[in-house]
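A.B. asks: Here are the chains, one letter per residue:
2 protein chains.
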Amino acid sequence: MRIFTLPEAPNSTLGKIEKNLSENLMGFLKENIVAVEKPLSEIEKDFQAYQIPAAPSFVSDYAEQMMQTLIAHSVHTSAPSFIGHMTSALPYFVLPLSKMMVGLNQNLVKIETSKAFTPLERQVLGMMHHMVYGQNEPFYESWMHSASHSLGAFCSGGTVANITALWIARNRLLKPDGDFKGVAQSGLMRALRHYGYDDLAILVSTRGHYSLGKAADLLGIGRDNIVSVPCAADNKVDVAKMREAAERLEAQNIKVMAIVGVAGTTETGNIDPLKELADLAEQLGCHFHVDAAWGGASLLSNKYRHLLAGIERADSVTIDAHKQMYVPMGAGMVLFKDPEFANAIKHHAEYILRKGSKDLGSQTLEGSRPGMAMLVHACLQVIGRDGYEILINNSLEKARYFGELIAAQDDFQLASRPELCLLTYRYVPAKVQSQLNEAIAANDAARVSEINTLLDGLTKFIQKRQREQGKSFVSRTRIIPANNLEQTSVVFRVVLANPLTSKEILQQVLDEQREIAKLDTRFLPKLLAL
Amino acid sequence: MRIFTLPEAPNSTLGKIEKNLSENLMGFLKENIVAVEKPLSEIEKDFQAYQIPAAPSFVSDYAEQMMQTLIAHSVHTSAPSFIGHMTSALPYFVLPLSKMMVGLNQNLVKIETSKAFTPLERQVLGMMHHMVYGQNEPFYESWMHSASHSLGAFCSGGTVANITALWIARNRLLKPDGDFKGVAQSGLMRALRHYGYDDLAILVSTRGHYSLGKAADLLGIGRDNIVSVPCAADNKVDVAKMREAAERLEAQNIKVMAIVGVAGTTETGNIDPLKELADLAEQLGCHFHVDAAWGGASLLSNKYRHLLAGIERADSVTIDAHKQMYVPMGAGMVLFKDPEFANAIKHHAEYILRKGSKDLGSQTLEGSRPGMAMLVHACLQVIGRDGYEILINNSLEKARYFGELIAAQDDFQLASRPELCLLTYRYVPAKVQSQLNEAIAANDAARVSEINTLLDGLTKFIQKRQREQGKSFVSRTRIIPANNLEQTSVVFRVVLANPLTSKEILQQVLDEQREIAKLDTRFLPKLLAL
Chain A
1 MRIFTLPEAP
11 NSTLGKIEKN
21 LSENLMGFLK
31 ENIVAVEKPL
41 SEIEKDFQAY
51 QIPAAPSFVS
61 DYAEQMMQTL
71 IAHSVHTSAP
81 SFIGHMTSAL
91 PYFVLPLSKM
101 MVGLNQNLVK
111 IETSKAFTPL
121 ERQVLGMMHH
131 MVYGQNEPFY
141 ESWMHSASHS
151 LGAFCSGGTV
161 ANITALWIAR
171 NRLLKPDGDF
181 KGVAQSGLMR
191 ALRHYGYDDL
201 AILVSTRGHY
211 SLGKAADLLG
221 IGRDNIVSVP
231 CAADNKVDVA
241 KMREAAERLE
251 AQNIKVMAIV
261 GVAGTTETGN
271 IDPLKELADL
281 AEQLGCHFHV
291 DAAWGGASLL
301 SNKYRHLLAG
311 IERADSVTID
321 AHKQMYVPMG
331 AGMVLFKDPE
341 FANAIKHHAE
351 YILRKGSKDL
361 GSQTLEGSRP
371 GMAMLVHACL
381 QVIGRDGYEI
391 LINNSLEKAR
401 YFGELIAAQD
411 DFQLASRPEL
421 CLLTYRYVPA
431 KVQSQLNEAI
441 AANDAARVSE
451 INTLLDGLTK
461 FIQKRQREQG
471 KSFVSRTRII
481 PANNLEQTSV
491 VFRVVLANPL
501 TSKEILQQVL
511 DEQREIAKLD
521 TRFLPKLLAL
Chain B
1 MRIFTLPEAP
11 NSTLGKIEKN
21 LSENLMGFLK
31 ENIVAVEKPL
41 SEIEKDFQAY
51 QIPAAPSFVS
61 DYAEQMMQTL
71 IAHSVHTSAP
81 SFIGHMTSAL
91 PYFVLPLSKM
101 MVGLNQNLVK
111 IETSKAFTPL
121 ERQVLGMMHH
131 MVYGQNEPFY
141 ESWMHSASHS
151 LGAFCSGGTV
161 ANITALWIAR
171 NRLLKPDGDF
181 KGVAQSGLMR
191 ALRHYGYDDL
201 AILVSTRGHY
211 SLGKAADLLG
221 IGRDNIVSVP
231 CAADNKVDVA
241 KMREAAERLE
251 AQNIKVMAIV
261 GVAGTTETGN
271 IDPLKELADL
281 AEQLGCHFHV
291 DAAWGGASLL
301 SNKYRHLLAG
311 IERADSVTID
321 AHKQMYVPMG
331 AGMVLFKDPE
341 FANAIKHHAE
351 YILRKGSKDL
361 GSQTLEGSRP
371 GMAMLVHACL
381 QVIGRDGYEI
391 LINNSLEKAR
401 YFGELIAAQD
411 DFQLASRPEL
421 CLLTYRYVPA
431 KVQSQLNEAI
441 AANDAARVSE
451 INTLLDGLTK
461 FIQKRQREQG
471 KSFVSRTRII
481 PANNLEQTSV
491 VFRVVLANPL
501 TSKEILQQVL
511 DEQREIAKLD
521 TRFLPKLLAL
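Those sequence lines, one after another, are chains A and B. Residue numbers for the first sequence follow my numbering, beginning at 1 and rising by one. Residue numbers for the second sequence follow my numbering, beginning at 1 and rising by one.
Where hints are given, some of them may not hold.
Same chains, same names: a pair is fine if it fits in one copy or spans any two.
[To be verified] Calculated pairs, DSS-like style, for lysine-lysine (alpha carbon to alpha carbon, straight line, at most 27 Å): (1) K464 to K358; (2) K241 to K460; (3) K45 to K355; (4) K175 to K255; (5) K503 to K518; (6) K518 to K16; (7) K460 to K355; (8) K337 to K355; (9) K181 to K255; (10) K38 to K464; (11) K464 to K503; (12) K30 to K19; (13) K337 to K175; (14) K471 to K358; (15) K471 to K275; (16) K358 to K38; (17) K471 to K241; (18) K45 to K358; (19) K460 to K38; (20) K355 to K38; (21) K355 to K464; (22) K45 to K337; (23) K358 to K175; (24) K303 to K275.
Hints in this document: simulated from the structure, not taken from any laboratory.
This is chain A alone, in the form it adopts within the complex (with noise of 0.2 Å):
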């Protein structure tokens, strides 16, 4: 029983690391992580035993091998250079305060194992609220502690806040009506028998999110009846096809569930015609979900919140703290325009949960949950609105600011503007360049495509390369660039969060994919023989 009474010693081994880590998290990670990268088979042969082992570790000897097998070979999310992943560098308070939330172990699903952590969660929605729809005093008096009523949901994350928001969607279409019951009491097949529908489907653009995907499975809507509506040259949605779609549809008795309005797209992060598709949906009289998974947290600069405009038209909005408001990993929320929403999803126990009582756990898809809720709470106080509009500012000026190097390059090409702190571009050749330029200006898509393809393989080659290197790491997605006669093509993608990432670190990404880019030998020789 000692594990449960000792306290921790600072000269452990455990001990030391932490000591290290805490009083240089960035230089820890830098000594501590490998920068080569290893082959994946090669790190998974020190995790092959299957068997709990039988006697006990002691703890300083179990920290040194994780040292060594783990930590070593875990990724940098933090370095300013790994501009490839929506993580970033984290301020250095949320360390010790996640430490306390571990030792507090809360439960928020319910008072009893939470008691304050459930007003303090019940805030922290208030606030994002607030920051979303700006309802005014009252609003907030009334509804950010009542018992039946809920302003948002705490979850792990966007895919679960996607599929709570679809979820309230299809409940509150299809709810109880006379005697149908409703479809969370009697299920999807009685539910559209008694409203005489054929189908359901969920518009959204071709920039979705693949959690829909999972959110139309999981509800038995079926992911066929996620209609994928194209794009605009500048990955907007075409809210002129959404409408001939939803049309389409209702002319097929399939009725249009919900629309969702992407702010912030995963691989290119531009924001939809917001208030465009909260008309469509109110003349379509269904739900406005606005997936602001990873673009929602600009709405906390002054300057750039008007780029989402519209979204408090939205009656449901997903939004990840653990991505640009600096929080670690596991800290998402959907927040509800109106407060009865949520009912529509209410599910009650013996136990736990009993009707009448606060229990945050009565409204969620989870069950119990940690009070993650505490460190985003942490980062509204720490940071402010001010620290924000300075981090989200700065995020975006620097993506503004990479968009244009890498347009003056003749042998790079930007394949998105940045709208919030995002972008795509890839490698290309100046003289290759210049024949994709005739072949595009001539429409011969053959040519085009036959460029791509060579293009596609010598992208996948640098991005692979640069990663293992490990020096710097940019991610890469296939996406239709502008001006490329429709044609998918590989993209790097670049997410400009970290507030550490300098612009000589930028340089320094070009140069090396351009030095990676020489030593190709499959394509590039290719491509320059064309």
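Following the hints, put chain B in place on chain A, whose structure we already have.
C.D. replies: Just chain B, lined up with the frame of chain A:
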């Protein structure tokens, strides 16, 4: 930007708080969480602001304020006398490891943001799978790290685990078939039409966890299609009645999609007859899920794992490591007997989860997730099977001791005997006990109901007052106690997972309850006047 580069200052307010926490966790919690409960409405006063503050706060000011408003009024979940929760004291080493986990900020959704954490998580799932299913070495060699297989899925908790299991069961039942693309793609209505079922049903005992209802709602099956089967007097499902229910449903062309066995019910801690349920599932040709969210940890005891015999025949098993495995909140798992099962919910995207990748996110309900697997891994190695053997056995034997202690008092009544380390009971003055027994012997339902109603009021009074006094905490629920003419009653509920809970504390809990009972002026006088 300084908050991203500053070291943690050991002499700052937050540094000092952390030091106290590290040096003496139990002391820190005892000292800083106030004992006497403040009403929630009072606590809420500190969480009224609904606007994100404009100006940043000093970390030290914020930390001090939170100590007063949040920490002081949180719940001391690890107190040895707080025996109403499933949370326990934590081994000290999980605290520094948690801090490391947060500092590393990995995202387990994909290799690119988690690297070695991915094989680590797969190893943990492998070890847990082996604990349940005990397959041979070639099995784990083949599947543990296979890109297109998975032995389980990590998630935030048992609710998501249960949802995942039933999601898989639904998708496997309504799989693609000829021209039909399957429920995942085409939705539930078309799937039921294709397979010619009028509806689906899930069978579980009346003691099943409320998350199953949530799953039925979410999956479009409907809460009414969770068919609750009565338990025998021992709170284990009556398998004969379940068979009858299944036959009745199938005669109505309602397909039994899954039967769920409970291994450690939330309210009484009992284990369903898993072997018989496995036989029934085989006969019905349906999925057999075991919800061992809480009880599954008992498999770590060689002495008592026989209590869960038959679990190895389940298609899927839910286990929460944050319950009796002494891992902090947020570590749920679902294990799959067949490494192919998870392919029924597999999904891909362009920029991550590409086909053939080992990204864990392609087979999980959640998207972005933290590296909680690391803490489970640490506990499995540092505590080891030998350590867990002692912890689990002590818990079970302490519960048996407490059950006997309660039975030996003439003014307490055991409502359910502990099978694992959970039991229920109530305070019934000796005189009332004999009157109740007489009424039961006479089969006088009205009289039994009259007594029960008064006892319910008394039980609630005692439980609430004891919680408010802050010395100890038991929870309460409503069940049908043995020998109570099938009438539902309110009972105290106790979980004895905390290794620091002593026999003296158990005696004190009863003494305190007896004292509190005397203070009741509403129900006790009426009971004594009967």
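A.B. asks: Against this structure, judge whether each hint is valid.
C.D. replies: Hint check:
no. : hint         : result
1   : K464 to K358 : between (50 Å within a copy, 16 Å between copies)
2   : K241 to K460 : neither (33 Å within a copy, 60 Å between copies)
3   : K45 to K355  : between (51 Å within a copy, 23 Å between copies)
4   : K175 to K255 : both (14 Å within a copy, 24 Å between copies)
5   : K503 to K518 : within (24 Å within a copy, 73 Å between copies)
6   : K518 to K16  : neither (44 Å within a copy, 54 Å between copies)
7   : K460 to K355 : between (55 Å within a copy, 15 Å between copies)
8   : K337 to K355 : within (23 Å within a copy, 37 Å between copies)
9   : K181 to K255 : both (19 Å within a copy, 21 Å between copies)
10  : K38 to K464  : within (13 Å within a copy, 57 Å between copies)
11  : K464 to K503 : within (23 Å within a copy, 60 Å between copies)
12  : K30 to K19   : both (15 Å within a copy, 25 Å between copies)
13  : K337 to K175 : within (18 Å within a copy, 37 Å between copies)
14  : K471 to K358 : between (49 Å within a copy, 23 Å between copies)
15  : K471 to K275 : neither (42 Å within a copy, 55 Å between copies)
16  : K358 to K38  : between (49 Å within a copy, 15 Å between copies)
17  : K471 to K241 : neither (43 Å within a copy, 64 Å between copies)
18  : K45 to K358  : between (48 Å within a copy, 15 Å between copies)
19  : K460 to K38  : within (18 Å within a copy, 59 Å between copies)
20  : K355 to K38  : between (54 Å within a copy, 21 Å between copies)
21  : K355 to K464 : between (54 Å within a copy, 16 Å between copies)
22  : K45 to K337  : between (50 Å within a copy, 24 Å between copies)
23  : K358 to K175 : within (24 Å within a copy, 40 Å between copies)
24  : K303 to K275 : within (19 Å within a copy, 64 Å between copies)
Of the hints listed earlier, those the structure fails to meet are numbers 2, 6, 15 and 17, in rising order.
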